[in-house]
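Q: Using the sequences provided together with the hints, build the complete structure.
Sequence order for the protein chains is A and B. Residues in the first sequence are numbered consecutively from 358, following the numbering used here. Residues in the second sequence are numbered consecutively from 119, following the numbering used here.
Hints in this document: simulated from the structure, not taken from any laboratory. We treat Cβ as the ideally placed atom computed from N, Cα and C, and that holds for glycine. Some clues are possibly wrong.
Claimed, not checked - Distance windows between CB atoms, simulated: (1) A:Ser-585 with B:Ala-179: 27 to 37 Å; (2) A:Gly-420 with B:Asp-336: 34 to 44 Å; (3) A:Gly-420 with B:Gly-223: 51 to 61 Å; (4) A:Ser-618 with B:Ser-353: 39 to 49 Å; (5) A:Phe-385 with B:Ala-155: 40 to 50 Å; (6) B:Gly-234 with A:Arg-397: 55 to 65 Å; (7) B:Ser-376 with A:Val-637: 51 to 61 Å.
As the list claims (entries may be wrong) - Heads up, simulated BS3-like pairs for lysine-lysine below, C-alpha to C-alpha not over 30 Å straight-line: (8) B:Lys-176 with A:Lys-372; (9) B:Lys-176 with B:Lys-214; (10) A:Lys-577 with B:Lys-310; (11) A:Lys-504 with B:Lys-233; (12) A:Lys-393 with B:Lys-264; (13) B:Lys-310 with B:Lys-324; (14) A:Lys-577 with A:Lys-504; (15) A:Lys-504 with A:Lys-625; (16) B:Lys-264 with A:Lys-504; (17) B:Lys-233 with B:Lys-176.
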Amino acid sequence: MRSAFVRRLMQSAAKDPRIVLVTGDLGFGVLDEFEKQFPRQYLNAGVAEQNMTAVATGMALEGRIVFTYSIGNFPTLRCLEQLRNDTFYHEASVKVVSVGGGFSYGQLGMSHHATEDLSIMRALPGVVICAPGSAYEADCLVDDLIKRPGPAYLRLERSAPDFTDQAPPPCEFGRARQLRDGTACTLIATGGIVSEVIAAAALLDQQGMSCRVLSMHTLKPIDASAISAAAIETGGICTVEENSILGGLGGAVAEVCLELSQRPRRFKRLGIQDRYTSIVGDQAFLRRAVGIDRDSIVQSVRALVS
Amino acid sequence: MTTASLRDPAAATAELQALARRIRLHALLMTSRGGTAHIGSVFSMADIVATLYGRVLKVDARNPSWPERDRFILSKGHAGAGVYAALAESGFFDPKLLEQHYTNGSRLSGHVSHKGVPGVELSTGSLGHGLGIGCGMAYAARLSAKENRVFVLMSDGECDEGSNWEAIHFAGHHRLGRLTAVVDYNRIQSLKPTEETLGLEPFADKWRSFRWEVREVDGHDHAALAEALTIESDSHAPPICVLARTVKGKGVSFMEDSVLWHYRIARDAELEAALRELGAQE
Chain A
358 MRSAFVRRLM QSAAKDPRIV LVTGDLGFGV LDEFEKQFPR QYLNAGVAEQ
408 NMTAVATGMA LEGRIVFTYS IGNFPTLRCL EQLRNDTFYH EASVKVVSVG
458 GGFSYGQLGM SHHATEDLSI MRALPGVVIC APGSAYEADC LVDDLIKRPG
508 PAYLRLERSA PDFTDQAPPP CEFGRARQLR DGTACTLIAT GGIVSEVIAA
558 AALLDQQGMS CRVLSMHTLK PIDASAISAA AIETGGICTV EENSILGGLG
608 GAVAEVCLEL SQRPRRFKRL GIQDRYTSIV GDQAFLRRAV GIDRDSIVQS
658 VRALVS
Chain B
119 MTTASLRDPA AATAELQALA RRIRLHALLM TSRGGTAHIG SVFSMADIVA
169 TLYGRVLKVD ARNPSWPERD RFILSKGHAG AGVYAALAES GFFDPKLLEQ
219 HYTNGSRLSG HVSHKGVPGV ELSTGSLGHG LGIGCGMAYA ARLSAKENRV
269 FVLMSDGECD EGSNWEAIHF AGHHRLGRLT AVVDYNRIQS LKPTEETLGL
319 EPFADKWRSF RWEVREVDGH DHAALAEALT IESDSHAPPI CVLARTVKGK
369 GVSFMEDSVL WHYRIARDAE LEAALRELGA QE
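A: Okay, structure coming up:
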């Protein structure tokens with residue numbers, strides 16, 4: 358997913374000299390080619406995320422389209438007030454990219470778990486939020502984010518299976534992507550965890566339970582009509598996110614349902630409970646540990662709709 | 119700047135003095151009327167702001183977003199009343215608007231705001247934000263081969279913020295010669311003198327060690343300020359820090375060098391006395 362992003366950004370940078378990539382001294386081996394081809398559109402701001410964000414904002418206010426690039430919580434929480442007061446309030450075209458959503462850097466420890474970023478960014482006015490579920494979705498969304506004026510947050514997985522490459526339906530900003538249809542339940546997921554959800558839905562199908570799967574790659578603005586349709590047309594909604602259950606995708610979906618008076622027959626949020634994860638493990642291990650891996654999703658959905 | 123003052127340095131200085139006095143008067147009335155703090159901080163920087171708007175900045179009040187303009191950021195946003203006053207005096211908007219400062223429904227918030235206020239480049243208020251953005255603006259100007267300069271006016275207490283040192287580090291490394299930081303060095307911060315809070319000295323050396331050129335100057339001497347704020351146009355020279363030694367509350371005797379007037383609001387007899395000292399009756 359990270360490579361797909363950089364590849365697409367290079368294609369765009371070749372056509373549009375306003376595009377600048379500013380890294381917080383991360384991206385070893387991934388950004389070299391960008392730097393080589395576009396030295397005037399590349400800047401390493403050093404290990405200083407507050408200033409990286411401020412510099413990006415200053416450049417954006419001067420007409421550039423700036424991507425800030427770092428990992429985990431560094432381009433978001435570390436410089437949150439710069440984002441709020443400077444980037445977002447001034448509607449600057451800064452696209453914040455965090456590689457390593459959720460437990461991508463699981464074994465590195467709690468500091469590197471980006472597990473509340475979606476909730477926190479969602480609360481801030483003026484920024485759109487995308488968490489693609491595959492390299493294909495990341496590839497599609499980069500162009501959308503460049504075309505849309507103003508700030509964006511793009512949460513990427515370090516790596517993600519390209520399971521939906523070239524497959525319809527197309528990925529459009531702001532519209533949930535239906536990856537599978539079914540009636541028993543709708544699984545709505547955002548970010549790399551979509552791969553677990555796809556696998557869970559396949560398993561549920563074998564067990565006679567057909568599920569709709571929506572990739573909510575654009576978390577804000579959220580696709581209310583897809584949520585509403587899921588509430589009406591299927592037996593329930595289960596949200597899955599590699600993020601705190603507080604204030605992220607699950608909260609957003611619940612808000613839409615209740616405010617549209619489209620209460621799903623059954624509803625469940627799967628995500629990280631309201632606690633930090635201190636056990637050591639890779640992404641797959643930690644997903645299992647907190648109950649958002651394929652098998653846990655299958656169990657939860659079966660319990661929900663049976 | 120009149121034609122006469124362009125020829126006559128004394129007349130030029132007198133014009134800046136008059137502008138600084140009007141900025142102080144506006145700000146005194148604005149903060150007193152609105153019931154808001156920070157008059158000491160405005161008075162401290164009034165001569166710097168007057169010199170910038172009266173002499174140094176290339177801006178166009180009729181075209182506030184003129185692409186070639188110099189950028190000015192007030193990073194010590196709490197002194198916003200002084201910048202609103204300078205902008206009104208420079209023709210960016212009707213000085214009558216100043217009467218709405220800090221009132222319900224107004225565009226002129228206590229900390230400087232760019233929303234709907236012509237000439238304000240950036241909204242600030244939380245300290246340690248302006249210089250990094252100034253770095254980005256100067257860096258972008260270099261990429262575009264533009265000639266404009268970027269000025270960031272900071273407080274001394276603000277230099278406690280680590281984000282400033284990230285920006286100072288960045289600007290020094292990249293030799294952002296068109297970036298100028300002006301520090302209003304009045305040696306008093308929110309609660310106590312800077313030396314009793316987090317000592318900044320050796321302050322000039324700190325900036326120099328981060329590869330800046332430092333110009334120490336009397337922050338109430340318009341001619342000296344104007345000289346310190348003028349540079350040869352070299353986009354790859356070291357950035358300049360104008361360390362302006364100032365007196366907090368400058369211009370009203372009982373407000374000078376007093377931490378009290380960071381927060382106190384002049385009312386009644388105090389307001390009358392301050393207005394008299396600033397020559398409001400003239």
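Q: Hint by hint, note whether the structure agrees.
A: Consistency of the hints with the structure:
no. : hint                                 : in the structure
1   : A:Ser-585 with B:Ala-179: 27 to 37 Å : violated, 51 Å
2   : A:Gly-420 with B:Asp-336: 34 to 44 Å : holds, 38 Å
3   : A:Gly-420 with B:Gly-223: 51 to 61 Å : violated, 32 Å
4   : A:Ser-618 with B:Ser-353: 39 to 49 Å : violated, 60 Å
5   : A:Phe-385 with B:Ala-155: 40 to 50 Å : holds, 48 Å
6   : B:Gly-234 with A:Arg-397: 55 to 65 Å : violated, 35 Å
7   : B:Ser-376 with A:Val-637: 51 to 61 Å : holds, 56 Å
8   : B:Lys-176 with A:Lys-372             : violated, 33 Å
9   : B:Lys-176 with B:Lys-214             : holds, 24 Å
10  : A:Lys-577 with B:Lys-310             : violated, 45 Å
11  : A:Lys-504 with B:Lys-233             : holds, 24 Å
12  : A:Lys-393 with B:Lys-264             : holds, 24 Å
13  : B:Lys-310 with B:Lys-324             : holds, 21 Å
14  : A:Lys-577 with A:Lys-504             : holds, 16 Å
15  : A:Lys-504 with A:Lys-625             : violated, 35 Å
16  : B:Lys-264 with A:Lys-504             : holds, 25 Å
17  : B:Lys-233 with B:Lys-176             : holds, 21 Å
In summary, the numbered hints that this structure violates are 1, 3, 4, 6, 8, 10 and 15.
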